[in-house]
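What follows is each chain in one-letter form.
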Amino acid sequence: MGNGTSIGRVRGLGSAKHGSHHWLMQRFTAIGNVVTTVWFVASLLLLPNFSYITVHDWIVHPLPALLLGLMIITTLWHARLGMQVMIEDYVHDAGGKFVVIAALNLVTFVAGGFGLLCVIRLALGA
Amino acid sequence: MAVSILHRVSGNGLAVVGTATLLCWLGALASGPDAYAKFVALAVTIPGRVVLVGLSWAFFTHLASGIRHFVLDIGAGFELEANAFWSVVTPISAILLTAAFWAALLLR
Chain A
1 MGNGTSIGRV RGLGSAKHGS HHWLMQRFTA IGNVVTTVWF VASLLLLPNF
51 SYITVHDWIV HPLPALLLGL MIITTLWHAR LGMQVMIEDY VHDAGGKFVV
101 IAALNLVTFV AGGFGLLCVI RLALGA
Chain B
1001 MAVSILHRVS GNGLAVVGTA TLLCWLGALA SGPDAYAKFV ALAVTIPGRV
1051 VLVGLSWAFF THLASGIRHF VLDIGAGFEL EANAFWSVVT PISAILLTAA
1101 FWAALLLR
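These protein sequence lines are chains A and B, in that order.
Residue 99 in this note's numbering is what sits at position 99 of the first sequence, and the numbering runs on without skipping anything.
Numbering-wise, this note's numbering comes out as the position in the second sequence, counting from 1, plus 1000.
Treat each hint with caution, since some may be false.
Claimed, not checked - Looking from chain A toward chain B, a few residues come up when the C-beta cut is under 10 Å (computed):
{"#": "1", "residue": "10"}
{"#": "2", "residue": "12"}
{"#": "3", "residue": "13"}
{"#": "4", "residue": "37"}
{"#": "5", "residue": "41"}
{"#": "6", "residue": "48"}
{"#": "7", "residue": "83"}
{"#": "8", "residue": "89"}
{"#": "9", "residue": "91"}
Unchecked claim - Per the computed footprint, the stretches of chain B lying under chain A, defined by three or more beta-carbons under 8 Å from a beta-carbon of chain A, are:
{"#": "10", "region": "1020–1031"}
{"#": "11", "region": "1035–1045"}
{"#": "12", "region": "1078–1089"}
{"#": "13", "region": "1100–1106"}
As the list claims (entries may be wrong) - What follows is a set of in silico ranges between Cβ atoms, one per label pair, in the way DEER data are often shown:
{"#": "14", "chain 1": "A", "residue 1": "35", "chain 2": "B", "residue 2": "1095", "range": "17 to 27 Å"}
{"#": "15", "chain 1": "B", "residue 1": "1106", "chain 2": "A", "residue 2": "18", "range": "44 to 54 Å"}
{"#": "16", "chain 1": "A", "residue 1": "61", "chain 2": "B", "residue 2": "1099", "range": "54 to 64 Å"}
{"#": "17", "chain 1": "A", "residue 1": "41", "chain 2": "B", "residue 2": "1044", "range": "14 to 24 Å"}
{"#": "18", "chain 1": "B", "residue 1": "1005", "chain 2": "A", "residue 2": "24", "range": "22 to 32 Å"}
{"#": "19", "chain 1": "A", "residue 1": "5", "chain 2": "B", "residue 2": "1100", "range": "50 to 60 Å"}
{"#": "20", "chain 1": "B", "residue 1": "1017", "chain 2": "A", "residue 2": "42", "range": "32 to 42 Å"}
These aren't lab readings, by the way, just hints derived from the structure by calculation.
These figures come from a predicted structure and were not determined experimentally.
Where a beta carbon is used, it is the ideal one built from N, C-alpha and C, also for glycine.
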């Protein structure tokens, strides 16, 4: 391993060893997305109307509340991975990339926490 | 290539606008009937309808091209003709599913 050119410094080290994990998690969460979002869209179609009473009485049941909570987790996880790929493609400055990825992590956790709090509040009848 | 671009655009659109809309809806629902009425009043405006139709299109587009990704991931569908055929079927099926979704919703 040389220490002159930038290619010389990384030659022989192989990949960063994180790519395949990221790729697999994108697929695993995608499977979860298919199950939960298709259930969600089908449920919207099966609701007789979208009045507060109708939607509220549907979500407070344990199974819809659980699936909605799981949908929030799996879709946000998937969105977090997908947006990271977009950021890595378009933000080339190392410092800028760090800031944007850090912000993405925070927004993802805030969104997930808020969504789950809403579902729990509804399910427990607050 | 167009399907790849559509996959990225619809995916990131869903990640930002889809998440925001879902959380507004859930937040309004958890806050009570008054907040929920405000959400519905906003959703039925023309811009609100454009966002909802756009989100449903992005959802079916990302779903269709995502399923195409699953097939390509197992190593199938790389033959030139099959690949070109399904790259056309993917966005068209998404538009048809979006139309079917709104037809089912409005005609129920």
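Hint by hint, here is what the structure shows:
The beta carbon of residue 10 of chain A comes no nearer than 28 Å to any beta carbon in chain B, farther than 10 Å, and the hint placing it at the interface is violated. Using the Cβ-Cβ criterion of 10 Å, the hint placing residue 12 of chain A at the interface with chain B is not satisfied: the shortest such distance is roughly 29 Å. Residue-level restraint check for residue 13 of chain A is violated (minimum Cβ-Cβ distance to chain B is 27 Å; threshold 10 Å). Because the smallest distance between the Cβ of residue 37 of chain A and any Cβ of chain B comes to about 7 Å, under 10 Å, the interface hint for this residue holds.
Interface restraint check for residue 41 of chain A: the shortest CB-CB distance to chain B comes to about 7 Å, inside 10 Å, so the restraint holds. Hint status for residue 48 of chain A: holds, given a least beta-carbon distance of 8 Å to chain B, under 10 Å. A hinted interface residue such as residue 83 of chain A counts as satisfied when its beta carbon comes closer than 10 Å to some beta carbon of chain B; here the least separation is about 5 Å, so the hint holds. Given hint, residue 89 of chain A at the interface with chain B, holds; its Cβ is 9 Å from that chain's nearest Cβ, closer than 10 Å.
Contact between residue 91 of chain A and chain B, as hinted, is not supported at the beta carbon level, the nearest pair being about 14 Å apart and thus beyond 10 Å. Residues of the region 1020–1031 of chain B with a Cβ under 8 Å from some Cβ of chain A number 6, which satisfies the need for three, so the listed coverage holds. Counting residues of the region 1035–1045 of chain B whose CB lies closer than 8 Å to any CB of chain A gives 3, which reaches the minimum of 3, so the coverage claim holds. With 0 residues having a Cβ less than 8 Å from any Cβ of chain A, the region 1078–1089 of chain B misses the three-residue criterion, and the hint is violated.
Only residues whose beta carbon comes within less than 8 Å of a beta carbon in chain A count, and the region 1100–1106 of chain B has 3; three or more means the coverage holds. Against the hinted window of 17 to 27 Å, the Cβ-Cβ separation of residue 35 of chain A and residue 1095 of chain B comes to about 23 Å, which satisfies the hint. At about 46 Å, the CB distance of residue 1106 of chain B to residue 18 of chain A agrees with the hint of 44 to 54 Å. Between residue 61 of chain A and residue 1099 of chain B the Cβ separation comes to about 30 Å, which falls outside the hinted range of 54 to 64 Å.
One distance hint, 14 to 24 Å for the beta-carbon pair residue 41 of chain A and residue 1044 of chain B, holds here, with the actual separation near 19 Å. At about 24 Å, the beta-carbon gap between residue 1005 of chain B and residue 24 of chain A stays in the expected band of 22 to 32 Å. Between residue 5 of chain A and residue 1100 of chain B the C-beta distance comes to about 57 Å, which sits within the given range of 50 to 60 Å. The beta-carbon spacing between residue 1017 of chain B and residue 42 of chain A, approximately 22 Å, falls outside the hinted interval of 32 to 42 Å.
Comparing the model with each numbered hint stated earlier shows that hints 1, 2, 3, 9, 12, 16 and 20 do not hold.
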